[in-house]
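Please build the complete structure, drawing on both the sequences and the hints.
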Amino acid sequence: MSYRNDNRVALENDEPRLEIREKVTGSAKYTTDYYLPNMLWACYIRCDFGDARLRSADVESARSIHDVLEVELEKKSARYHGDRIGYICAESRQALEQAIAALKMKFAASWPRTMLEEERTALEDLEPAENDVQAENVIDTCDLVVQGEFQTQVQTHCCLEPHSCVVHFRGDSAVAYGSTQSNVAFRDDLARELGLRPDQVEFHCEHVGGGFGSKFGMDNEGRLAAQISKKYQRPCRVVCNRKEEMLDTGNRPGSLQHMRIGLTRDGKIRGGKIATWGSVGPTGGGGGVSNPSRYDFGTIAKVHQDVHIDGGFPRAMRAPGHPQAMFAIELMMDQMAVEVNMDPLEFRQLNETSELRKEMLRVGAEQIGWSERQPNGLSPGPIKRGFGIGVADWGNRPGTAAIGVNVYRNGTVEVLSGAQDIGTGYRTMIGDVVRTYMGLPRNALVVKVGSSDLPPGPASGGSVTSRFTAPKAFLAAEKARNRILELVAKEWKLNDASGLNLEDGRIIGQDQSIQWKDACQLMTGDRIAILSDEDGAFGKDPTGSEAVQFAEVAVDVETGIIHVKKIVALQNVGLPVNRNTIENQICGAVIQGLSFCLFEERVLNNQTGTMVNANMDMYKIAGPVDVPEIVPIIWREQREVAVNSLGEPPVVPVPGAIATAVANAIGVQVRSMPLTPRKILTALSEKEAKS
Amino acid sequence: MNSFDYHVAEELSAALAEYGAGQATLKAGGMDVLDLIKERLIEPEVVLSIDRLDQLRYIREEQEAVRIGSLTTLADIGRSELLARKFNAFHSAAAHAATPQIRERATVGGNLCQRPRCWFFRNRELHCLKKGGATCFAVEGENRYHAIFGGGPCYIVHPSNIAPALIALDGSITIASVESGNREVKAEDFFVLPEDSLYAENILKEGEIILEISFPMAPLRSATIELREKQSFDWPLVLASVARLKKGWHVCLGAVAPIPWISQSAMDVLGNKEITLELATVAGEAAAIDADPLEENEYKVQLVKVAVRRALMAAAGLEVPSWN
Chain S
1 MSYRNDNRVA LENDEPRLEI REKVTGSAKY TTDYYLPNML WACYIRCDFG
51 DARLRSADVE SARSIHDVLE VELEKKSARY HGDRIGYICA ESRQALEQAI
101 AALKMKFAAS WPRTMLEEER TALEDLEPAE NDVQAENVID TCDLVVQGEF
151 QTQVQTHCCL EPHSCVVHFR GDSAVAYGST QSNVAFRDDL ARELGLRPDQ
201 VEFHCEHVGG GFGSKFGMDN EGRLAAQISK KYQRPCRVVC NRKEEMLDTG
251 NRPGSLQHMR IGLTRDGKIR GGKIATWGSV GPTGGGGGVS NPSRYDFGTI
301 AKVHQDVHID GGFPRAMRAP GHPQAMFAIE LMMDQMAVEV NMDPLEFRQL
351 NETSELRKEM LRVGAEQIGW SERQPNGLSP GPIKRGFGIG VADWGNRPGT
401 AAIGVNVYRN GTVEVLSGAQ DIGTGYRTMI GDVVRTYMGL PRNALVVKVG
451 SSDLPPGPAS GGSVTSRFTA PKAFLAAEKA RNRILELVAK EWKLNDASGL
501 NLEDGRIIGQ DQSIQWKDAC QLMTGDRIAI LSDEDGAFGK DPTGSEAVQF
551 AEVAVDVETG IIHVKKIVAL QNVGLPVNRN TIENQICGAV IQGLSFCLFE
601 ERVLNNQTGT MVNANMDMYK IAGPVDVPEI VPIIWREQRE VAVNSLGEPP
651 VVPVPGAIAT AVANAIGVQV RSMPLTPRKI LTALSEKEAK S
Chain A
1001 MNSFDYHVAE ELSAALAEYG AGQATLKAGG MDVLDLIKER LIEPEVVLSI
1051 DRLDQLRYIR EEQEAVRIGS LTTLADIGRS ELLARKFNAF HSAAAHAATP
1101 QIRERATVGG NLCQRPRCWF FRNRELHCLK KGGATCFAVE GENRYHAIFG
1151 GGPCYIVHPS NIAPALIALD GSITIASVES GNREVKAEDF FVLPEDSLYA
1201 ENILKEGEII LEISFPMAPL RSATIELREK QSFDWPLVLA SVARLKKGWH
1251 VCLGAVAPIP WISQSAMDVL GNKEITLELA TVAGEAAAID ADPLEENEYK
1301 VQLVKVAVRR ALMAAAGLEV PSWN
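Chains S and A, in that order, give the protein sequences.
For what it's worth, this note's numbering labels the leading residue of the first sequence as 1, then goes sequentially.
For what it's worth, this note's numbering labels the leading residue of the second sequence as 1001, then goes sequentially.
Note that these hints are calculated values from the structure, not bench results.
Glycine included, C-beta positions come from ideal geometry on N, C-alpha and C.
Mixed in with the good hints, there may be bad ones.
Reference excerpt, derived from the structure (chain A facing chain S, CB under 10 Å, subset only) [unchecked claim]:
1. R1124
2. E1125
3. L1126
4. R1228
5. E1229
6. N1297
Following this line, the structure appears as structure tokens:
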């Protein structure tokens, strides 16, 4: 039966995000919009190279610049371009910049470690996994063995709003503004740094211009702002410039993935060995790759090595470890399908672990026109057409959060959450849950998020914010509604409120009705205040945020230029609340995944370790013309389950879907991201040489 | 960014006088100069803005030439029906450069005079050959976007999108200064290789400003093909502008050499012949003959072949492969 694409959501909310007017007119205030009276400016002094030592710096000249208060060099050696070696504090941004220039720093640079493939331990020298022998035995008994090595590059977060903080320490209290994915953690970090209790710090983060995993806690910017503010008892502002943002606020680590997988002649994967390497900073870890995942790989012996590179440190980035893993896995799936002479879709169905995703695969294939897919490399003409598949899922359990709902005597309903809206549409989601459940129009509602004075919300990481807060919002809405219904029942001299309903702003009884506003006048106090930190009726576990994507690409085999024509993105979100914000998240993730697959790449100069493209022109990000037709499909209405995760899952399948589509188009796999014309042409000429 | 005085010129003569005095850095649309100041590659004491000199903003058709003022924006060119009709190679090079916002600010003069986009040159941290250092980092470093023709000792590629078309169309550039008045040079003589001038990309002397560019007459046919990684806001990997003038075909390449690169070898093949697919292919192959790629940019040789072939086909009205 043909699938009817219909993105109606369970709660029938089809309206734009709540803060649309503020965002479009520019009145929405971000951290960088706060300029406090008598404010100081501070910034870090940074290293120019990879592994380097400071030979000289004219500190006295820098200190002598008008309006410069402090220039401090705290260390002489640094391990990556952008590493912090000191700081400057001044009365103005201009003075900061002049002081940096006046330092005239000279470094002695050692030969840096910049290439993952050169620094890793060779495959044969890696410590074997505990079940290595078992996996080897499985491989030995397989009809076919397929192997391949795949590479992904370092991607930076590129938050449009840079990491930033404005702190005003006032002795026994402080007010602060920070761009963050966790109001609570940011406030707690600041309190510790300032020597205050958390309740003495008033923290605000009303809007965030992107975090993607790089904005937890007060970070280096908050620390410096707090130290300076405390020292001078004046407000202080620290805001990264674009270059600093690229160099020192984290990245998605690069990866190498070696897969050797055995399967039966009829296409069932039985097991194998997987080795992954992740490029991390000069010390520490965080380069993990979620390979294997999603498909049933049988018995796998997995080893991983974090490889130190003299570049900025990795951080969580939108589904850490996953998009890069699925790039390798989907290409491997296609390669195995070729070996057993099976359609890649059929091969996936056979080795899929999720029944739900099997159905999504069937529907997605229908939507993209999979039946038009030609065998690899056989579409006619210089512009080759190809189709590809990517899958993902995301699972979260319920978690801690609190939602407040105030109902005022004039009928206004205030929804309160201390969680932050990092651009995902969180305030819209939470507001729509409450007003829909209460049966009220949007204009009856005020939603306040992003302040430490509000009921605490979770850190927005791991796609938990909606998952954790929505059940509490349902319960708070239910309690608030019932309190008003009880007042009406009492006014109407009914035994209880069980026969009353609240619909379209009216409370309706058996033979009478009353407007919501009039009913609220029945309360004796200023407001009815509800605080909910328990899960309500909508807390039932959803299956997981399954994602399936199909890509259609056109590749110019004479130039190697890829044109992604269409991406069909099916996404299970549990209970869908607001269509616009869900579709926004899916489309945004698809664009970010496409940009990762085709364009983005941190480039470190092999001679000095300097990141040569620490800006937003030479670090290439997809622009409007690069964006394909995106068809977001919200997977079925599920009223019986909780709101589920959406932030990360739709970014995961994109690179795999595009890469397999490109391979289908040109008849050879390009196993290194980003898929640039250079790599496409090289792969094609190698293919030609072989044949 | 350092502090500087900002002067706005209201008259051309005053601008020439102040710029001629040698203290000011010139700004037209500001697209390039602002980047240079922000990265502290230059630290001017005075920035002289000439972007209000409307007398330098025109597209004028005369009997024997079309003249375009140096402050005409790329968007102005994109909107010109005259240029779209008669000078397609130039029109399309300007109309598709950068982004709509940038095209509204970027000027013809600025586009021709912009400094290279080489990522070693553009980073303050790297004291490269072009900035007075001892090393061209591209020789041993990340050189995927660098020159395959005319390189050494520095391997930048010239970043102008419109310069190859200007040269292919046999255009000229009029330069003015207080000291020597006005002079007109052929566009192909305007740009200089690093082996002749390491620290500048053109012949402009201190105090000289581009007044206008001009084309002697409309070509019989012309076209530009630009190959990029991204289709929004990107510089070309390779660009080819071709034009059939009375005496024969002109072919000029962009993004492959430190100057817009006239492909004599392709022109020798083409002469004044009618374009067929076979001839266009042979000319494309000929255009790549003397390429001398670095470690990571051999793919640009293939792109040269394709860009030249497709530009010739487009100019001749033959079908060119497209996405749609």
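request  = Provide an ascending list of the numbers of those earlier hints which the structure does not satisfy.
outcome  = none
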